[in-house]
Amino acid sequence: MRIEIIDPDRCVGCEICMLACVRRQGFGGLAKSKIAVHSSGGMEKGFTVLVCRACSDPPCAAVCPTNALEVRKDGGVNLISEKCIGCKNCVEACTVNSIFWDNEANKPNICIYCGFCAMNCPHHVLYFNKEWGKKNV
Amino acid sequence: MFEDKFTRVLYIDLSKKSFAIKSRPDLFEKWLGGSGVGIQLLKEECPKNTDPFSPENTIIFAVGPITSLYPLASKTVAMFKSPLTGNLGESHAGGRSAVSIMMAGYGAIVIKGKSDIPIYLSIFDNEVRFHDARAIWGIKDAITVGKIIRQRETFSGQRSIMRIGRAGENLVSFASLNTETYRHFGRLGLGAVFGSKNLKALVIAGKRTINLTDPKAYLRVYKNILDETTSSLMKKYHDLGTAVNVLPLHEIGGLPIENLNKISYEGAAELSGENLAQNYLGRRIACTGCPVACVHIAAFRDPHEEEKYFYKTSMIGYDYEPIYSLGTMLGIKDAKGFLKLMDRTEKLGLDAMSSGVALAWATEMLNKNIVTESETLVKFSFGDWEKYIEGLENIVLMPNDFYKALSRGTSYASEIYGGKDFALNFGKNEMPGYHTGAATHLGWFLGARHSHLDNAGYSMDQSLKGDYPEPEKLVDNLIEEEANRQILSSLVVCFFARAIYLNFDNTINCLKTIGIDLTKEELKELGMEIYRQKMSYKTQEGWLPSHLDLPKRIFETPAPFGKISEDYMKKAVDHFRDRLEKDFQ
Numbered sequence: 002m003r004i005e006i007i008d009p010d011r012c013v014g015c016e017i018c019m020l021a022c023v024r025r026q027g028f029g030g031l032a033k034s035k036i037a038v039h040s041s042g043g044m045e046k047g048f049t050v051l052v053c054r055a056c057s058d059p060p061c062a063a064v065c066p067t068n069a070l071e072v073r074k075d076g077g078v079n080l081i082s083e084k085c086i087g088c089k090n091c092v093e094a095c096t097v098n099s100i101f102w103d104n105e106a107n108k109p110n111i112c113i114y115c116g117f118c119a120m121n122c123p124h125h126v127l128y129f130n131k132e133w134g135k136k137n138v
Numbered sequence: 004m005f006e007d008k009f010t011r012v013l014y015i016d017l018s019k020k021s022f023a024i025k026s027r028p029d030l031f032e033k034w035l036g037g038s039g040v041g042i043q044l045l046k047e048e049c050p051k052n053t054d055p056f057s058p059e060n061t062i063i064f065a066v067g068p069i070t071s072l073y074p075l076a077s078k079t080v081a082m083f084k085s086p087l088t089g090n091l092g093e094s095h096a097g098g099r100s101a102v103s104i105m106m107a108g109y110g111a112i113v114i115k116g117k118s119d120i121p122i123y124l125s126i127f128d129n130e131v132r133f134h135d136a137r138a139i140w141g142i143k144d145a146i147t148v149g150k151i152i153r154q155r156e157t158f159s160g161q162r163s164i165m166r167i168g169r170a171g172e173n174l175v176s177f178a179s180l181n182t183e184t185y186r187h188f189g190r191l192g193l194g195a196v197f198g199s200k201n202l203k204a205l206v207i208a209g210k211r212t213i214n215l216t217d218p219k220a221y222l223r224v225y226k227n228i229l230d231e232t233t234s235s236l237m238k239k240y241h242d243l244g245t246a247v248n249v250l251p252l253h254e255i256g257g258l259p260i261e262n263l264n265k266i267s268y269e270g271a272a273e274l275s276g277e278n279l280a281q282n283y284l285g286r287r288i289a290c291t292g293c294p295v296a297c298v299h300i301a302a303f304r305d306p307h308e309e310e311k312y313f314y315k316t317s318m319i320g321y322d323y324e325p326i327y328s329l330g331t332m333l334g335i336k337d338a339k340g341f342l343k344l345m346d347r348t349e350k351l352g353l354d355a356m357s358s359g360v361a362l363a364w365a366t367e368m369l370n371k372n373i374v375t376e377s378e379t380l381v382k383f384s385f386g387d388w389e390k391y392i393e394g395l396e397n398i399v400l401m402p403n404d405f406y407k408a409l410s411r412g413t414s415y416a417s418e419i420y421g422g423k424d425f426a427l428n429f430g431k432n433e434m435p436g437y438h439t440g441a442a443t444h445l446g447w448f449l450g451a452r453h454s455h456l457d458n459a460g461y462s463m464d465q466s467l468k469g470d471y472p473e474p475e476k477l478v479d480n481l482i483e484e485e486a487n488r489q490i491l492s493s494l495v496v497c498f499f500a501r502a503i504y505l506n507f508d509n510t511i512n513c514l515k516t517i518g519i520d521l522t523k524e525e526l527k528e529l530g531m532e533i534y535r536q537k538m539s540y541k542t543q544e545g546w547l548p549s550h551l552d553l554p555k556r557i558f559e560t561p562a563p564f565g566k567i568s569e570d571y572m573k574k575a576v577d578h579f580r581d582r583l584e585k586d587f588q
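Sequence lines, in order, name chains A and B. For the first sequence, my numbering begins at 2 and goes up steadily by one. For the second sequence, my numbering begins at 4 and goes up steadily by one.
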């Protein structure tokens with residue numbers, strides 16, 4: 002995967018990755034975040050980090066009725082926003098629950114693999130693998 | 004210009020089970036948010052001389068214009084009439100509360116009235132629902148209440164769940180409101196106000212976008228502040244949490260022990276942040292938007308009482324203040340005992356600080372034979388944590404008149420049973436864990452919420468090192484610090500970030516990115532005006548501090564830089580009264 006979750010046990014649930022993702026897009030708030038941190042049944046149980054794995058054969062793209070999700074050569078997908086009709090099939094199809102819905106725009110939040118979340122993570126939970134997809138895919 | 008959703012106030016009437024959303028740009032443009040807006044809403048909504056347990060009492064939650072936008076802008080301010088002091092109640096908490104309120108689309112929430120049956124509230128975006136809480140009223144453990152609501156409600160893993168325990172239901176005057184299991188609106192009895200309204204819990208969440216005036220500048224300013232945060236604060240509070248302060252304070256002789264009879268004992272190393280981290284630390288967590296992650300949680304493995312080899316592991320949060328109040332104040336010398344007390348306090352939904360100080364007072368009352376075991380029902384003895392577990396239960400269950408009085412705080416209990424000289428409350432609020440000198444005691448005695456964080460007298464003591472200015476000057480410095488801190492609590496940022504946001508350039512730059520232009524002078528003036536508003540509310544409700552109300556114990560036990568002079572304190576309090584009359588009515 003391109004954004005690697007190298008050590009989820011180090012996650013403190015600060016959500017700085019989520020806020021960074023939205024900030025990178027020029028906004029504040031959480032609605033547009035393409036990464037998510039959830040407590041796993043109360044804060045005492047720690048946190049789950051959900052982010053796109055950049056699949057080489059992505060199920061989200063396979064179920065999109067309008068070809069709004071274009072498969073990238075190096076894995077993962079690009080969203081062609083004007084083609085998206087907001088059916089949410091992609092959300093259902095993602096086995097790792099890493100497509101999040103932007104209710105305000107009625108579009109999926111699709112990771113663009115910029116790595117800004119990983120660069121902002123203060124506790125080394127995330128790692129941005131720049132080499133991903135270059136050799137093996 | 005503030006964005007529209009931030010200037011919305013959600014008004015909830017529990018009596019009618021109705022709500023209304025009003026746009027109040029007038030309020031936010033003048034008072035920013037947090038404490039500034041909170042005190043105005045309290046003045047608008049809560050009539051003069053309101054009984055704290057009457058339906059007219061009003062609970063206000065307020066966040067600030069940079070909530071969720073900048074590092075450590077992660078706190079919510081709660082305002083209410085306090086059942087403990089009968090005056091201004093102001094309590095701050097983090098967790099997910101602030102970002103959740105902001106993301107649900109509100110700058111403030113006002114809760115009034117009283118439900119006829121126990122209920123809990125869920126607030127998601129524009130939807131407010133009133134749920135039947137009869138089945139969860141009386142549940143033994145406030146943590147379980149959180150679990151039940153987690154399973155029933157949406158926004159799993161990303162919401163704030165505020166709830167009270169049995170202490171709040173039973174109207175213990177220092178019951179706390181728990182949020183996200185490990186954070187609390189701990190002080191001044193907000194939990195009891197919830198209980199008096201038949202309000203068991205409040206769950207809130209949302210997801211929305213905040214539009215910025217200058218997104219490019221936002222990236223730059225954010226990075227500067229994040230860098231400052233991670234370089235300066237991270238080390239101290241990430242590693243050991245606030246418990247890092249136990250050993251240094253013990254070493255200088257500023258850590259109150261056994262009801263402040265002592266300032267040194269052999270238990271300090273055992274209760275230190277170092278020892279707790281090495282032997283118990285199981286997890287660190289953060290408030291939303293804060294990289295520091297000061298919240299430290301012990302993984303406490305304990306054998307089941309009746310069955311050999313049957314172990315349970317509890318995750319128990321700890322901080323400096325509860326280590327002081329439930330640990331050193333009660334003479335506890337083993338970490339296990341402290342953690343058990345901490346755990347019970349959480350489950351009951353009590354304020355750890357007031358509870359520990361109340362039990363320390365009760366122990367001394369018993370030791371001095373002013374009361375007997377027929378009152379305390381338990382033979383308290385400093386260091387015997389098992390007895391104090393029973394004491395905590397008794398505070399909540401109130402099996403006799405003594406506990407009925409104690410559940411109203413040490414000020415009230417000592418009025419009835421005596422022992423005022425060593426009932427360690429200031430403005431009727433039990434003291435925090437610093438016996439560092441004149442400034443700290445004056446600070447919380449004269450501060451608006453009787454908290455060490457009002458004006459950080461403990462910090463002044465440690466930098467003055469005994470070289471005190473004239474009492475008048477010291478009071479003026481405390482007032483100035485408290486006024487400046489109103490800016491922090493109106494933005495609203497965690498006070499750990501005070502150095503970052505009281506560097507006014509940072510705050511000015513933050514506000515610019517959301518289209519607010521304020522100068523340093525304007526900000527300082529606003530801080531002073533908010534302070535004035537709070538003080539005028541306090542005097543309106545009958546507060547007038549007198550040096551005669553200071554517990555004598557603080558003059559008896561030496562502070563790190565010598566004994567505190569009664570005469571100095573009297574002059575300081577007199578000067579404060581002058582200024583109160585002259586400048587802050």
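I should point out that these hints are in silico values taken from the structure, not numbers from a laboratory. Yeah, the Cβ is synthetic: ideal placement off N, Cα and C, and Gly gets one too. Hints are supplied without guarantee of correctness; some may be wrong.
Stated by the list, open to error - With a straight-line cut-off of 30 Å between C-alpha atoms, the simulated DSBU-like cross-links for lysine-lysine are:
hint : chain 1 : residue 1 : chain 2 : residue 2
1    : B       : LYS226    : A       : LYS131
2    : B       : LYS527    : B       : LYS515
3    : B       : LYS219    : A       : LYS46
4    : B       : LYS219    : A       : LYS84
5    : B       : LYS527    : B       : LYS555
6    : B       : LYS143    : A       : LYS46
7    : B       : LYS476    : B       : LYS339
8    : B       : LYS226    : B       : LYS573
9    : B       : LYS238    : B       : LYS143
10   : B       : LYS219    : A       : LYS131
11   : A       : LYS108    : B       : LYS523
12   : B       : LYS574    : A       : LYS46
13   : A       : LYS46     : B       : LYS541
14   : B       : LYS339    : A       : LYS46
15   : A       : LYS46     : B       : LYS239
16   : B       : LYS311    : B       : LYS390
17   : A       : LYS46     : B       : LYS573
18   : A       : LYS108    : B       : LYS527
Unchecked claim - Over 12 Å on every C-beta distance to chain A, these chain B residues come out as not near it, computed from the model:
hint : residue
19   : PHE22
20   : PRO74
21   : ILE139
22   : ARG186
23   : LYS210
24   : ASP217
25   : TYR225
26   : ALA289
Cross-check of the supplied hints:
Restraint check for B/LYS226 and A/LYS131: satisfied, since their Cα atoms lie roughly 22 Å apart, inside the 30 Å limit. In summary, the hint linking B/LYS527 to B/LYS515 is supported, as the alpha carbons are separated by about 17 Å, within the 30 Å threshold. Restraint check: the Cα-Cα separation between B/LYS219 and A/LYS46 comes to about 37 Å, which exceeds 30 Å; the hinted pair is violated. The straight-line distance between the Cα atoms of B/LYS219 and A/LYS84 is roughly 29 Å, inside the 30 Å bound, and the hint therefore holds.
Among the hinted pairs, B/LYS527 with B/LYS555 is inconsistent with the structure: their alpha-carbon atoms are about 36 Å apart, more than 30 Å. Annotation: proposed proximity of B/LYS143 to A/LYS46 holds, straight-line Cα distance about 21 Å (limit 30 Å). About 44 Å separates the Cα atoms of B/LYS476 and B/LYS339, which puts this hinted pair outside 30 Å; it is violated. Between the alpha carbons of B/LYS226 and B/LYS573 the distance comes to roughly 47 Å, so the proposed pair goes past 30 Å and is violated.
Of the pairs offered as hints, the one joining B/LYS238 and B/LYS143 is violated, with about 38 Å between alpha carbons and a cut-off of 30 Å exceeded. Straight-line distance between C-alpha atoms of B/LYS219 and A/LYS131 comes to about 25 Å, which keeps the hinted pair within the 30 Å bound. Between the alpha carbons of A/LYS108 and B/LYS523 the distance comes to roughly 42 Å, so the proposed pair goes past 30 Å and is violated. For the hint linking B/LYS574 to A/LYS46, the alpha-carbon distance of about 52 Å lies beyond 30 Å, and the restraint is violated.
Distance check on the hinted pair: A/LYS46 and B/LYS541 sit about 42 Å apart at the alpha-carbon level, beyond 30 Å; violated. Our distance criterion of 30 Å between C-alpha atoms is met by B/LYS339 and A/LYS46, whose separation comes to about 21 Å. Simply put, A/LYS46 and B/LYS239 have alpha-carbon atoms about 24 Å apart, close enough for the 30 Å limit, and the pair holds. Between the alpha carbons of B/LYS311 and B/LYS390 the distance comes to roughly 24 Å, so the proposed pair stays at or under 30 Å and holds.
Restraint check for A/LYS46 and B/LYS573: not satisfied, since their Cα atoms lie roughly 51 Å apart, outside the 30 Å limit. Annotation: proposed proximity of A/LYS108 to B/LYS527 is violated, straight-line Cα distance about 44 Å (limit 30 Å). For B/PHE22, the shortest C-beta to C-beta distance to chain A comes to about 21 Å, beyond the 12 Å cut-off, and the non-interface label holds. Interface exclusion of B/PRO74 from chain A breaks down, the closest Cβ pair being 8 Å apart, not more than 12 Å.
Under the 12 Å C-beta cut-off, the non-interface status given to B/ILE139 relative to chain A holds; the minimum distance is some 16 Å. The Cβ of B/ARG186 does not lie farther than 12 Å from every Cβ of chain A; its closest approach is about 9 Å, which violates its non-interface assignment. Interface exclusion of B/LYS210 from chain A breaks down, the closest Cβ pair being 5 Å apart, not more than 12 Å. Not every CB of chain A is more than 12 Å from the CB of B/ASP217 (nearest about 10 Å), against its label as outside the interface.
With a cut of 12 Å on Cβ distances, B/TYR225 falls inside the contact zone with chain A, its closest approach being about 6 Å. Against chain A, the non-interface label of B/ALA289 is violated: not every CB pair exceeds 12 Å, the least being about 4 Å.
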